[in-house]
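Participant: Each chain is listed here by its residues.
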Amino acid sequence: MSSTAVSPEVGLPHPEPAAAVPITKHIATMRVNGRDREVVVEPYLLLVDVLREALGLTGVKRGCATGHCGSCTVLADGLPIRSCLRLAVTATDVALETVEGLAGPDGTLAPLQQAVVDHAAAQCGYCTPGMLMAATALLARDPRPTRSDVQRALNGNLCRCTGYVKIVDAVLDAASRMPGDRA
Amino acid sequence: MGRVLQPFEYYEPVTVADAARLTRSANAHLLAGGCDLVPRMRHGLVRPERVVSIMKVAELDDVPRLGPDGELRIGARVLLGALGGHPGLPRWHALDDAVDGLEPADIRNMGTVVGNVCSAVAFLDVPVVLAVLRAELRVTDGSDARAIPVADLCVAPLTTALRPGELVSSIVVPAVGPHSGSAFGKIAVTPHEEGDHNRVSAACSVVLDAGGTSVASMAVVIGSCDFRPLPVPLTTGFPMPVGAATYAQVAALAADMVAPPADAHWAAQVRPQLVAALVRDGLERAVRRAGGPAEADDQRRQR
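Chains as they are written, first to last, in the working numbering: chain A, 1 to 183; chain B, 1001 to 1303.
One should not assume that every hint holds.
To be verified - According to the in silico footprint, chain B covers these stretches of chain A (three or more CB under 8 angstroms from chain B):
no. : stretch
1   : 42-54
2   : 61-67
3   : 70-83
4   : 86-94
5   : 150-159
Said to hold, decoys possible - Examples of chain A residues toward chain B, derived with CB under 8 angstroms:
no. : residue
6   : 6
7   : 20
8   : 26
9   : 117
10  : 119
11  : 143
Think of the hints as simulated: they come from the structure by calculation, not from any bench.
Just so you know, these numbers come straight off a predicted model, no measurement behind them.
Here a beta-carbon is modelled for each residue, glycine too, at the ideal position from N, C-alpha and C.
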């Protein structure tokens, strides 16, 4: 194996170095579904567990807990992430959205949720929250996706029940009912 | 609350020097996006006593940049998705292919490019491409710096050449010269036995002569067939004529090089053929992107 000495790269401007201290158990503020929520955070806690157990947002599902199935998908600053791979302590500076935030204040289902109902696109329902969040991110980015776009966006969300076709149909149906032009 | 991970000391340093110092201790692990470290902790494969996040270190760039010589500089905090969205990425065709093919989107929004390479996981795509593009890792221990070719990073399964107290500050991908092209492809394979890598991949890079009729130089790297990206030893002389015969000749070299895993008896029959197909296709696309002629099959596909 070879390596060569090089000049240290010119660093970007950085704040005055402070002595690094360990981050321990503390009360943090998390922005979840548009609300600031206080929660006790310890470094070893996963975001999925803090959302479910500390904040009661059990719509976020823990499936494989290793980042493969997508049932834990939530949005961080509008982008889908695996909450089972994210330490909660690293998620206190982003805006989080879970499936509980999709419906209106009066309980009216979001177009995506209604479309899942209309198309019978859920059986056991365990994958559904993750599917909804991935689809929400897709439609925010591309209001008029093609079937292939939808399939690709949901590629990381596994479903053992439905065979995916009705889920894709529901997303396309919801897109057709929502305002917006293709980016 | 239920606990999945074992407790550890956790730090978020704001300088490279601090981050390097904190990881000099035994059993300290660097954390970027967490897509590799967290599952390893979850499975008990590693039990760090200290985890040091690099995501608050402003000296580590989080935006891909073009350097003064046309090189691509990828800082340690650059997410895979951020690289994919960079307007300059298509110049490095193979890297564009690999990032575009990364699934799922969640991982692209969480994982960093440097973390993807430093995970030393055999079946990942980006390290294979960076090896064929002759990219280098810029490594620092907070005071001194050295460069390690990506192709030389993995020294054993899941093990890199990084020393305790070192961290990668960036990856530098050389500028694309004239008459250059590259391509990456992969084939997903249904695992037959535990431990099978579920794909094979190939990255190809060519430089043509000014007329586009011969290959002046070439590099081919195979992925997912060993613990590290495998460069194909090109025993043919250069220049080589552009065309199917050349692609088949190099594909045969690649297929011969692939060692079937001892515990996957079926792979001996399948994997060399897959590697050969990927290399033939990769060379055709790389040549076309370098300004060479398209093969007859390519011309039919393009209609």
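Participant: Next, verify each hint and record whether it holds.
Facilitator: Against the structure, the hints come out as follows:
With a threshold of 8 angstroms between beta carbons, the proposed coverage of the stretch 42-54 of chain A by chain B holds, since 9 of its residues qualify and at least three are required. With 3 residues carrying a beta carbon less than 8 angstroms from a beta carbon of chain B, the stretch 61-67 of chain A meets the three-residue requirement, and the given coverage holds. With a cut-off of 8 angstroms between beta carbons, the stretch 70-83 of chain A has 7 residues touching chain B; three or more are needed, and the interface restraint holds. Here's how the stretch 86-94 of chain A fares: 4 of its residues keep a CB closer than 8 angstroms to some CB of chain B, so the rule of at least three is met and the hint holds.
For the stretch 150-159 of chain A, the stated coverage by chain B is satisfied: 5 residues place a CB nearer than 8 angstroms to a CB of that chain, which reaches the threshold of 3. The criterion of a C-beta within 8 angstroms of any C-beta in chain B is met by residue 6 (chain A), whose closest approach is roughly 5 angstroms, and the hint holds. Because the beta carbon of residue 20 (chain A) sits about 4 angstroms from the nearest beta carbon in chain B, less than 8 angstroms, this interface hint is met. Of the supplied interface hints, the one on residue 26 (chain A) is violated, with its beta-carbon coming no nearer than about 11 angstroms to a beta-carbon of chain B, more than 8 angstroms.
Because the closest C-beta pair between residue 117 (chain A) and chain B is about 25 angstroms apart, greater than 8 angstroms, the hint is violated. A distance limit of 8 angstroms between C-beta atoms decides the matter here; for residue 119 (chain A) the minimum to chain B is near 22 angstroms, and the interface restraint is violated. Hint on residue 143 (chain A) is violated. Least Cβ distance to chain B is approximately 17 angstroms, over the 8 angstroms limit.
In this structure, the hints that do not hold are numbers 8, 9, 10 and 11, in rising order.
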